[in-house]
Amino acid sequence: MPTALDDAPAVKAAGAPGPQGVRRKRRRVALPYLLLLPAILLELLVHLIPMVAGLVMSFFKLTQFSIRDFSSAPAAGLDNYKFVLDFNAAAGKSLLGSFWISILYTVLSVGFCWLFGTSAAVLMQKDFRGRGLLRTLFLVPYALPMYAAVITWSFMFQKDTGLVNDLLGTDSFWLIGDNSFWSLVVVSVWRNWPFAFLIVMAGLQNVPGELYEAAAIDGASWWRQFRAITQPMLRPVNQVLLLVLFLWTFNDFNTPYVLFGASAPKEASLISIHIYQSSFVTWNFGLGSAMSVLLLLFLLIVSTVYLGLTARRRNAVV
Amino acid sequence: MRIGKIAPALVLALAAAATTACGGGDTSSSAPKELVYWASNQGTSLDNDKAVLQPELDKFEKASGIKVKLEVVPWTDLLNRILAATTSGKGPDVLNIGNTWSASLQATGAFLPFDDAALEKVGGKSRFLGPSLAATGASGQPPVGVPLYGQAYGLYYNKKLFAEAGITKPPATWEELVEDGKKLTKPDKGQWGLSLQAGQVTENSHHAAILGAQQGAQFFTAEGKPQLASDPSVAAVQQFVDLMQKDKIVNPANAEYADTAKSLKDLSDGKAAMFMNQASAGSFKNIGMDMANLGVAPIPLPATAPPNGRKVTSFVAGINMSVFKNTKNPDAALDFVKFMVSAPEQALLNKTYGSLPTVQDAYSDAAFQTEDVKVFQNVLANSAEPMPQVPQESQFETLIGTAMKGMFADVAAGKPVDGAKIRDQLNQADQQISAGS
Numbered sequence: 000m001p002t003a004l005d006d007a008p009a010v011k012a013a014g015a016p017g018p019q020g021v022r023r024k025r026r027r028v029a030l031p032y033l034l035l036l037p038a039i040l041l042e043l044l045v046h047l048i049p050m051v052a053g054l055v056m057s058f059f060k061l062t063q064f065s066i067r068d069f070s071s072a073p074a075a076g077l078d079n080y081k082f083v084l085d086f087n088a089a090a091g092k093s094l095l096g097s098f099w100i101s102i103l104y105t106v107l108s109v110g111f112c113w114l115f116g117t118s119a120a121v122l123m124q125k126d127f128r129g130r131g132l133l134r135t136l137f138l139v140p141y142a143l144p145m146y147a148a149v150i151t152w153s154f155m156f157q158k159d160t161g162l163v164n165d166l167l168g169t170d171s172f173w174l175i176g177d178n179s180f181w182s183l184v185v186v187s188v189w190r191n192w193p194f195a196f197l198i199v200m201a202g203l204q205n206v207p208g209e210l211y212e213a214a215a216i217d218g219a220s221w222w223r224q225f226r227a228i229t230q231p232m233l234r235p236v237n238q239v240l241l242l243v244l245f246l247w248t249f250n251d252f253n254t255p256y257v258l259f260g261a262s263a264p265k266e267a268s269l270i271s272i273h274i275y276q277s278s279f280v281t282w283n284f285g286l287g288s289a290m291s292v293l294l295l296l297f298l299l300i301v302s303t304v305y306l307g308l309t310a311r312r313r314n315a316v317v
Numbered sequence: 000m001r002i003g004k005i006a007p008a009l010v011l012a013l014a015a016a017a018t019t020a021c022g023g024g025d026t027s028s029s030a031p032k033e034l035v036y037w038a039s040n041q042g043t044s045l046d047n048d049k050a051v052l053q054p055e056l057d058k059f060e061k062a063s064g065i066k067v068k069l070e071v072v073p074w075t076d077l078l079n080r081i082l083a084a085t086t087s088g089k090g091p092d093v094l095n096i097g098n099t100w101s102a103s104l105q106a107t108g109a110f111l112p113f114d115d116a117a118l119e120k121v122g123g124k125s126r127f128l129g130p131s132l133a134a135t136g137a138s139g140q141p142p143v144g145v146p147l148y149g150q151a152y153g154l155y156y157n158k159k160l161f162a163e164a165g166i167t168k169p170p171a172t173w174e175e176l177v178e179d180g181k182k183l184t185k186p187d188k189g190q191w192g193l194s195l196q197a198g199q200v201t202e203n204s205h206h207a208a209i210l211g212a213q214q215g216a217q218f219f220t221a222e223g224k225p226q227l228a229s230d231p232s233v234a235a236v237q238q239f240v241d242l243m244q245k246d247k248i249v250n251p252a253n254a255e256y257a258d259t260a261k262s263l264k265d266l267s268d269g270k271a272a273m274f275m276n277q278a279s280a281g282s283f284k285n286i287g288m289d290m291a292n293l294g295v296a297p298i299p300l301p302a303t304a305p306p307n308g309r310k311v312t313s314f315v316a317g318i319n320m321s322v323f324k325n326t327k328n329p330d331a332a333l334d335f336v337k338f339m340v341s342a343p344e345q346a347l348l349n350k351t352y353g354s355l356p357t358v359q360d361a362y363s364d365a366a367f368q369t370e371d372v373k374v375f376q377n378v379l380a381n382s383a384e385p386m387p388q389v390p391q392e393s394q395f396e397t398l399i400g401t402a403m404k405g406m407f408a409d410v411a412a413g414k415p416v417d418g419a420k421i422r423d424q425l426n427q428a429d430q431q432i433s434a435g436s
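Chains A and B are the protein sequences, given in the same order.
Sequential numbering from 0 applies to the first sequence in numbering that gives the first Met the number 0.
Sequential numbering from 0 applies to the second sequence in numbering that gives the first Met the number 0.
What the hints contain is simulated information worked out from the structure, not anything from laboratory work.
No false leads were slipped in.
Chain B regions said to be covered by chain A (calculated; three or more residues, Cβ under 8 Å):
(1) 78-87
(2) 95-109
(3) 253-264
(4) 396-406
All values reported here derive from a predicted model rather than from experimental measurement.
Cβ coordinates follow ideal geometry from the N, Cα and C atoms, glycine included.
Same shape as in the complex, but just chain A:
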């Protein structure tokens, strides 16, 4: 804004704008849009159009009978929504089950990722021998190709031949039954905590050293310094980090799919897997779309509330 106001008198002072001036001005106005155009086009193609298509699909009875010619699919009105929200029937019951599993999975996975990431980043603040090597090692899970990493875990979790039972001296199933949920959490935390580590480490670079020096002179303990300086200074970074981790984890499809295959055990059937099964395994795309729309709504509400709360807190602090 200030630049526009500053520019206006300058143009006027030069007298009536000549054709060159108009062209220059128009170019200045058009340039940002022009630069944004490829991103907008791709955003439309990759996100918005499929999203609208998904929304439309959720109001149709789209199955293998009509998939080839969308336009012939019979309208379903709100039937798909009614069906998945009827928690007394099979589909609704299993959707609700998957929802709670996803919530628990997200809370545990994000919580541990944040805890490990922050702890490691804080410990890495001090200079010590081997710090570089350790930092690189910490980032390995994040740098490994997802498929190779998770499939290796699935080998390690095998009952008879896996390393996990060997190391723990147990004889348990890890890929089926109750334990499968914990296997999923372990792999997810292992994969994502380096991201939290990276982001928190970057955030810590912005904390001025003088604050710690002053605190140290005042005799503040390490814990006190962490609580009174590190944590508040990291708040903006943490707000973004937790939101991103929440969205990724709640929607996580790759980890369970690679770990368990197309039919995850019911104890580890996340909502993403559940939607995939409804859409692509039992060929009911309308139903799958309705579930996706509900999931999107839920994530939107949670994100909005979260952003609202954090903004209010930020304002209150200011």
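With chain A fixed as given, assemble chain B onto it according to the hints.
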């Protein structure tokens, strides 16, 4: 200004990218004809399939001038790839489909119907084995493919372990199988009576279908309405789960077995004495099984047939070859299908893969005169029935197979699986199939 120049260029580039990214045959009439062929994974690996098929495709190109571009698709991806191709209309010209999906894929309307004229072009209807041809689509409608590889289930057994336990012949009834299984189960030695791919969804559904038929179950009404939760279905699933739960002749670790390789290895290593599978002599040979120790018999029947029980020891398994309706070269596609189902190709390919020819005239080859092959041949001809040929077949397989996988997981974890629990799960499957109908 520049925006005017860039936008059309961008749109063109995107459009070009979108069209070149899709498959499909060459459409120009002057260029030599080209077909895209998606083969299912039949051999020991995708590369093995390429090595087997490429020389045959070259042979076909030499004879007809039609080039065939091959892509071998793993089983786990095949149905989704077909479905994506069906939706986009951009798929291969010719492809393999699992024959149990015939009626489901028929419902999409994306495949060329093999009416009498089309069947005539590939050699005539009478050449094909009746049961295999019956698994190419719903009855009363032109099939959506022709059978390419024939398969049937049999009971493989380790002769050495049988001899050690003093058992002289393979079991003919389920009661005998359980009895023999108990004699052969020695958990302290890591030896079990039977190996099951209990974590494999489709395998579970196949066994549900076979045992279901023996118990007299009809999973769908004549109108195509699902009725999975009937008494005979519950009895069939209970009988199968009880092999691990009550009879204890199956290692609970099998609840984790999601592929055939582990069960094949168990039988080969003497960790299991029996294994029910489709013809797999080639795979046994590959993993180093002493073939002199390998015997095969039909899957047992109940000693006393239940009311309405059918004498079924396998479903009609196998692979069909279909043509996408969207192909620009239907004649070339049919020529290729004709080549693949010709007697010499049928003999060669089925010999290599250890499957059964689907045309009568290929059986004269000496490779199909062995005792083992004859067991499967007899099963396919006399005691096999197709999986339910209804559009919801793929849902049926997935839902019942997944439910059984969960039941085995429960059994392995020591949680009892009783009739009420099975009925509840099958009821849920019924509801879900109905929702998609």
